[in-house]
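Please model the complete structure; the sequences and the hints are all you need to start from.
2 protein chains.
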Amino acid sequence: MNYPGGIKKRQNTFEKSFVDYANRGMKLEDDLNITNKYYRDIDKAIIYKKPTPIKITKVNYLSRSNVTIKEAFFDTPSTTDYNGIYKGKYIDFEAKETTSKTAFPLSNIHLHQLKHLESIEKHGGIAFIIVKFTHLNKIFLLFEKDIKLFLENTDRKSIPISYFESNGYLIKEKFNPRIDYLEILDNIGGNNEEKN
Amino acid sequence: MNYPGGIKKRQNTFEKSFVDYANRGMKLEDDLNITNKYYRDIDKAIIYKKPTPIKITKVNYLSRSNVTIKEAFFDTPSTTDYNGIYKGKYIDFEAKETTSKTAFPLSNIHLHQLKHLESIEKHGGIAFIIVKFTHLNKIFLLFEKDIKLFLENTDRKSIPISYFESNGYLIKEKFNPRIDYLEILDNIGGNNEEKN
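Line order of the protein sequences matches chains A and B.
Numbering-wise (our numbering), the first sequence opens with residue 5 and increments by one.
Numbering-wise (our numbering), the second sequence opens with residue 5 and increments by one.
Everything labelled a hint here was simulated from the structure, so no lab data went into it.
Keep in mind the model is a prediction, meaning the values are calculated, not measured.
Hints are not guaranteed to be accurate.
Since the list can't tell identical chains apart, any single copy or any two copies may satisfy a pair.
Stated by the list, open to error - Computed list of lysine-lysine pairs in PhoX-like fashion (alpha-carbon distance at most 25 Å, straight line):
no., residue 1, residue 2
1, K74, K54
2, K149, K126
3, K41, K126
4, K31, K142
5, K59, K74
6, K91, K48
7, K161, K149
8, K54, K126
9, K48, K152
10, K59, K41
11, K91, K53
12, K119, K41
13, K176, K91
14, K100, K176
15, K59, K100
16, K62, K74
17, K31, K62
18, K54, K91
19, K48, K119
20, K53, K100
21, K53, K126
22, K126, K152
23, K48, K100
24, K54, K31
25, K54, K119
26, K41, K91
27, K91, K126
Okay, structure coming up:
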């Protein structure tokens with residue numbers, strides 16, 4: 005890798021820590037990035053993961069092309085991680101992993117992210133979450149309207165896997181694309197009025 | 005401001021440099037952020053600026069809630085800065101300022117960003133650029149198809165202001181929303197078949 009200003013990457017504890025941090029629960033994200041790249045390559049859909057929001061507090065500014073961020077923090081995302089366009093429709097979703105075998109803890113998703121998905125649905129977009137139960141190796145797509153329905157009818161702090169099984173859609177992992185979530189949208193005709 | 009781990013913000017040269025850096029040509033971005041917030045507040049459209057892509061090379065990871073980025077660099081954006089949904093349509097654009105009084109230098113926009121806008125248009129989205137000529141205090145919206153038309157018919161490395169005047173749309177600055185670019189889309193019926 006090349007760094008501006010000829011700064012050499014050092015193998016130190018900070019960096020190692022970052023690698024550990026970055027790899028924690030990022031498998032679903034990697035698979036979705038590969039899937040989205042595949043969709044773009046075959047020109048099926050234009051969907052990207054947004055960059056991680058960072059709050060920068062110190063930089064070393066030597067010139068326009070030589071800027072090093074010296075201190076920054078991970079910021080709270082305003083919206084969901086993924087959005088784009090498919091068959092002329094606006095697509096918006098959040099993807100999460102859980103190690104639980106029984107339920108998806110709602111604390112994994114910020115309330116303003118759920119509100120965002122609700123707004124998208126209201127404005128005519130297709131809004132959903134993709135949840136991977138890592139220990140069961142099962143990935144579900146759950147539309148926003150079904151999340152809303154769940155929240156309106158319970159005080160539970162997690163969505164049980166049975167709810168995903170009856171109201172969500174199981175996404176089978178394939179070789180390519182790895183997580184073919186657009187297939188779910190195709191099968192239900194671009195909306196979630198009927199189940200397969 | 006509060007920082008994780010009780011780290012106090014120091015007033016030093018790095019920080020001053022960052023403020024200078026951040027303020028350089030960010031007026032249009034600020035005005036668009038305020039405009040987009042206004043659109044969201046009145047529930048007219050859900051459009052956000054994406055976070056700035058950062059390549060992180062060193063972090064100090066103490067715990068999940070106490071992570072400080074110690075070294076990072078500004079990364080090349082994969083796509084455009086702004087996207088979202090308006091009247092059920094996918095909206096995608098890039099915004100740039102120029103100090104030139106005669107033309108917008110195409111070097112201000114990455115080639116892959118222009119290709120991205122072209123893909124969006126092809127997939128049924130509404131794609132454009134917003135360009136502010138800061139010394140003339142004029143802001144134009146130019147649809148992707150008109151950028152493409154320009155590029156197909158010339159080898160020029162900049163789009164002259166006359167092209168914006170005849171093929172783009174002047175956005176008048178107002179009190180609220182400051183840069184009412186959705187008004188342009190409304191006036192042309194959500195597409196750019198006809199001019200006002």
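Tested hints:
no., hint, verdict
1, K74 <-> K54, "both (22 Å within a copy, 22 Å between copies)"
2, K149 <-> K126, "within (10 Å within a copy, 29 Å between copies)"
3, K41 <-> K126, "between (28 Å within a copy, 17 Å between copies)"
4, K31 <-> K142, "within (13 Å within a copy, 46 Å between copies)"
5, K59 <-> K74, "both (12 Å within a copy, 12 Å between copies)"
6, K91 <-> K48, "both (8 Å within a copy, 23 Å between copies)"
7, K161 <-> K149, "within (17 Å within a copy, 48 Å between copies)"
8, K54 <-> K126, "both (22 Å within a copy, 21 Å between copies)"
9, K48 <-> K152, "between (29 Å within a copy, 22 Å between copies)"
10, K59 <-> K41, "between (27 Å within a copy, 19 Å between copies)"
11, K91 <-> K53, "both (18 Å within a copy, 23 Å between copies)"
12, K119 <-> K41, "between (27 Å within a copy, 15 Å between copies)"
13, K176 <-> K91, "within (22 Å within a copy, 33 Å between copies)"
14, K100 <-> K176, "within (16 Å within a copy, 42 Å between copies)"
15, K59 <-> K100, "both (22 Å within a copy, 22 Å between copies)"
16, K62 <-> K74, "both (5 Å within a copy, 9 Å between copies)"
17, K31 <-> K62, "between (31 Å within a copy, 21 Å between copies)"
18, K54 <-> K91, "both (20 Å within a copy, 22 Å between copies)"
19, K48 <-> K119, "between (28 Å within a copy, 15 Å between copies)"
20, K53 <-> K100, "both (13 Å within a copy, 22 Å between copies)"
21, K53 <-> K126, "both (22 Å within a copy, 20 Å between copies)"
22, K126 <-> K152, "within (12 Å within a copy, 33 Å between copies)"
23, K48 <-> K100, "within (24 Å within a copy, 29 Å between copies)"
24, K54 <-> K31, "both (17 Å within a copy, 23 Å between copies)"
25, K54 <-> K119, "both (18 Å within a copy, 18 Å between copies)"
26, K41 <-> K91, "within (16 Å within a copy, 27 Å between copies)"
27, K91 <-> K126, "both (18 Å within a copy, 10 Å between copies)"
When the structure is compared with the earlier hints, no violation turns up for any of them.
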